[in-house]
Structures are given as C-alpha cells and as structure tokens.
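In the order they appear, the protein sequences are chains B and U.
The first sequence maps to residues 1 to 229 in this note's numbering.
The second sequence maps to residues 230 to 571 in this note's numbering.
Rather than coming from a laboratory, the hints here were simulated on the basis of the structure.
Beta carbons: idealized from backbone N, C-alpha and C, even for Gly.
Certain hints may be false.
Here are some of the chain U residues that sit facing chain B, going by a computed Cβ distance under 10 Å [claimed, not checked]: (1) Ala359; (2) Arg405; (3) Leu444; (4) Gln447; (5) Leu456; (6) Val459; (7) Ile461; (8) Arg462; (9) Pro463; (10) Gly465.
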Amino acid sequence: MSALLDVEDLHAAYGASQALFGVSLRIEEGQALALMGRNGMGKTTTIACITRMMAASGGRISFAGHDLARLPSHKAARLGLGLVPEGRRAFAGLTVRENLMAAARKGEWTIEKVCDLFPRLAERARQRAETLSGGEQQMLVIGRALMTNPKLLILDEATEGLAPVVRAEIWAAIRELKAQGQSILVVDKSLRELAAVADDCVVLERGRDVWHGPPEALSGELAQRYLGV
Amino acid sequence: MSAAEVTAVPEGRGGRMNRAQIVNAALALGLLGFGLVAWAMGETFLVTLATKVAILAIAGAGLNLVLGFGGLVSFGHAAYFGLGGYSAGILAHHALNYTPMFEWPFLFEGTTSMPVIWITAMVIGALAAALIGALSLRTTGVYFIMITLAFGQMIFYFAISWPAYGGEDGLPIYVRNGFPGLNTLDPVQFFGLTCAVLFAVLGLIAMLAHSRFGLALQAARQNRQRLMAVGIRPGGVLLVAFVISGAITALAGALYADLNRFVSPSMLSWHLSGELLVFLILGGTGRLFAPLAGAGLYITLEHLLGGVSDHWQFFFGLLLLGVVLFARGGVIGFLAGGKRHG
Numbered sequence: 001m002s003a004l005l006d007v008e009d010l011h012a013a014y015g016a017s018q019a020l021f022g023v024s025l026r027i028e029e030g031q032a033l034a035l036m037g038r039n040g041m042g043k044t045t046t047i048a049c050i051t052r053m054m055a056a057s058g059g060r061i062s063f064a065g066h067d068l069a070r071l072p073s074h075k076a077a078r079l080g081l082g083l084v085p086e087g088r089r090a091f092a093g094l095t096v097r098e099n100l101m102a103a104a105r106k107g108e109w110t111i112e113k114v115c116d117l118f119p120r121l122a123e124r125a126r127q128r129a130e131t132l133s134g135g136e137q138q139m140l141v142i143g144r145a146l147m148t149n150p151k152l153l154i155l156d157e158a159t160e161g162l163a164p165v166v167r168a169e170i171w172a173a174i175r176e177l178k179a180q181g182q183s184i185l186v187v188d189k190s191l192r193e194l195a196a197v198a199d200d201c202v203v204l205e206r207g208r209d210v211w212h213g214p215p216e217a218l219s220g221e222l223a224q225r226y227l228g229v
Numbered sequence: 230m231s232a233a234e235v236t237a238v239p240e241g242r243g244g245r246m247n248r249a250q251i252v253n254a255a256l257a258l259g260l261l262g263f264g265l266v267a268w269a270m271g272e273t274f275l276v277t278l279a280t281k282v283a284i285l286a287i288a289g290a291g292l293n294l295v296l297g298f299g300g301l302v303s304f305g306h307a308a309y310f311g312l313g314g315y316s317a318g319i320l321a322h323h324a325l326n327y328t329p330m331f332e333w334p335f336l337f338e339g340t341t342s343m344p345v346i347w348i349t350a351m352v353i354g355a356l357a358a359a360l361i362g363a364l365s366l367r368t369t370g371v372y373f374i375m376i377t378l379a380f381g382q383m384i385f386y387f388a389i390s391w392p393a394y395g396g397e398d399g400l401p402i403y404v405r406n407g408f409p410g411l412n413t414l415d416p417v418q419f420f421g422l423t424c425a426v427l428f429a430v431l432g433l434i435a436m437l438a439h440s441r442f443g444l445a446l447q448a449a450r451q452n453r454q455r456l457m458a459v460g461i462r463p464g465g466v467l468l469v470a471f472v473i474s475g476a477i478t479a480l481a482g483a484l485y486a487d488l489n490r491f492v493s494p495s496m497l498s499w500h501l502s503g504e505l506l507v508f509l510i511l512g513g514t515g516r517l518f519a520p521l522a523g524a525g526l527y528i529t530l531e532h533l534l535g536g537v538s539d540h541w542q543f544f545f546g547l548l549l550l551g552v553v554l555f556a557r558g559g560v561i562g563f564l565a566g567g568k569r570h571g
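Chain B with its partners taken away, still in its complex shape:
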C-alpha cells in the first residue's frame, strides 16, 4: 500500500550551509506522525520542503500519489497539505470569520464545524485576528488550515509559548481530529502530549532521521539523548 506522504532521502540547504542530510519518513492515511528533535535539527526545514516553501536539493517527496518535486507551494497546498506554520501566522488585519472564509475549499469543513472544534472562535468571529490572544490565534490558524479540507494537517510547534490551559485545549482538539481520522504530521517537543496522539515518531538529529518508532519506546535514556528531556 502506498503511503499518503512518502519522503525519501531528503536533502536541503540554505545557500552553502546544508541543513538536511537525508531525511525519510512515511505517513499512512489516518495516521499521526510526530517529528521530533532538539532546536535546529531540521524539523522546520523538513516541513518547508514538504510544503514546497523551500526547494529540496535532493531526495523524493510524494504525496497522495503526486510527486511534489516541481510544484509551486500553492499547488502543493491544493493537493491537500494543510500547514499550520510555526508562530501563529493568521492574516492579522482580517477578522476571524474572514480568515476562515479566505481559505475555504469545498469539503466537509465549514466555519461552523471549525467553531464547534474551537468554540472560542465563534465568540470572536467578528474580531480582527491581531486582537486575539496567542492561543486563539493559533486556534484560528489551525481552523484556517482545516478550511482547506487537507488530506494531511501539518502542525509546526502548534503549542509553543502558550499558557498550559490553552495548550491543553489545543491538544484536546488535535486528539479529536485524530479520532475523526485526520492524518496529521506534528512537530513538537513535548513527549507527553505527543504520546497521546502520535502512532509513530521520527527523531531528527543534525539533519538526519536517527530514530523511528512508537512514542512509548521513546523514553528514559533515548529521550534524554535525542530530545534533552
């Protein structure tokens, strides 16, 4: 069976400095994969390559039966890659509702459904995104990605820098999405919260995938070595 996302031997460089030295990972339909590693190990670069925000210098990325190698990033997004970028990137000047509307594509996700998942967004529907709290903005960006009806939802450090209560709320939503069968690629550092969602983990170290396995197996000495926890 062919995977939803299949990344093989991915290489990438920022100018002369190489960042990825061969990263491979696979996500099956309905599966959640956690991409882990300490800061600067290539997690965000890997995601930038998958979403075609950055050109890979080598390797192969296939998604839902398409080779992503030459696609511009908006076409990759249309194939069903829903990115939630690092650091709460809503369209600041648009209202919550307008942010969601702008991204909408035909499919099962509607503004109402997003508001069911994040009731706070319903309360803030007419507010400009820049007036929301950090957590609400993050919910909005997740909602915006869902409005494109993605086959694969990509979350890059979705809960970084947020208050514990809000983190819990967002993780609960991610677990609910997973339970509904949404395929997810999630980048995060918090092993405890990932363990409840991820079927599989890939650990990156210095631009290479050094460990594959289920989250339960990633504990103790391994976690200490790769994640510094």
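Chain B is fixed; fit chain U onto it per the hints.
Relative to the frame of chain B, chain U by itself:
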C-alpha cells in the same frame, strides 16, 4: 496593547463600523448636496467642480482596489485614466467627423453613445492593465512602483508623439457624448450620472472586498507566503485586482474627457498618477470612501488655496506632511477611528 484595549474591542468594533458608515454616508450626501445646492443657486461652475470630484473619486476607487486592499503601490494609474479618456475622445472624434475608425477586418465606426464608450474604455483599460500587471507583478516594493511609472511614461510619450489624434495639443470633443434618456450637456444631469457611476463602482468594490476574492486580496497584502499555504496563488489574485482596477480607472477617464470635452496627454502624465495616490493618502488608504474624501478635499483646497496664492501646492504639501505624520488613517481614519490597514 493594554488589557483594557483588548477587552474593549468586541463592542468597539461594532461602534466604529457604525461611525465609519456615518462618515461614508455624510461624504456621499455631502457630494450630492453640494452639487444640487450649487445647481439650485445657479452656480454652474460649482456643479462642474462637484462632477470633477465624483469622476476623480471613481479613478481613485480603481487605485484603491489595488493599493488599499492589495497593497500594490501603482504609480502609473494615469495610464488607464488617459487610455479611457482617449477611448472617449477618439470614438467621438470619428463619429463627429463621419470617418470610420478602421474598415478592416471589420467596419468599426466611432460613436457618441456613452454606454458604448464606457465599455470600450473599460475593455481597453483592462487589457492594458493585464499586460502591464502581468509584467509589473513579477516585482515588488520600490521596483513595482518604478516599473508601473515607467509603463505610464511610455504611454504618455506615445500619446505626445502620435500626431493622428492631436499629439501634444490634445483632442477636443466638440459635443459632449450622449446617454440614453439624459441631456448630458445639462451640468446637473451629467453630475447625477457621474454620481450614479461613482456609487455603482463603490458598491462593486464593497462587494468584492467582502467576497473570498477580496479577502484573498487583503491576505496577499499582509503575507503572500501564508496565502500560498492555504492554496491560493497571490500573483493571480493580484493580477485580477489590477485588471479590474485598470478598467474602473479607464471608465473614470472616459467621463473626465466628457467633462472637459477635451483629451490631452496631461491625463496620462505621472502628476495625475501622483494625485490619485494623494487622494487615497488624504482619504485613508483601504477605506471604501477614501477616494471620495481625498478627491473632495483636494479639489476644495485647490480651489480655495488657489484663490489665495499661486503657490497653493506649498501649503497643500504641508497638509499632506501633517496627514502622513499624524493622521495615518487619513480623513476617514481620523473621523471614524479604528484601523483598516493590517
């Protein structure tokens, strides 16, 4: 931002929207009222002045679509304004001289019918904007400003050096073109017609701004990469906006030619592109009624200050400086509060 400001927003936004709507209504009624009172008092010149404001506001509305919503600083919108003007002038010229525009591959005759002229002007404006936009939109920032200016200047010099339609001397339109059911030579009827066009254009832009297309356009201004991440190509959205903008500004140009009954290369000059930008800065970039507020203020000051001093532009410059430094939301931002620019 303080906590008080954040919590004040939910009600505050509703209140501000209403205030903006009041300001907009006041502007619309102010224009209509001014024109009608001037007419009642027999001040034909002032009716014409109000008509000029309405027409320049249409041109500004075209620019506002790309600048205010899309964030594209086009410094070459005189090109579309002038092309619209020349469409009206050339079609009328042929009709009044009973010479066809061209006979091959099909017979194409001039016309003095405004609806036909408007459609022609808009098609030509749209085509020019499609061509210029397709090339200019490959650049951003200051390069975009310069390349749009360069295209504008190209068309300006072409008009000057092409003798067939008056060259540098311009092209007179002996009788104002007609509109079915109206006597367009009656200043107040022509004023009413231009106001109707202005409000139709503003209505169209309001509709566009709230559509998915308009939201994507505003999103493109804020961050092109984020727009790509939701599967929309910013270049496509911006080009469509640019084409619609060119068509609207060309429509204004056709009306302006009929107002003055004269077309000249000055309609294509970069001064006019600059004036359109000034209208928006004065009025409040990205506000629906900014072009009307800006054009109204500009023409009023030109008229009043111009009566006091030949060097009125010096004092106008000071005012503009004041707006840019202290009232960045322009007149509407100042009166209505709130923020439109992200």
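Provide an ascending list of the numbers of those earlier hints which the structure does not satisfy. 1 and 2
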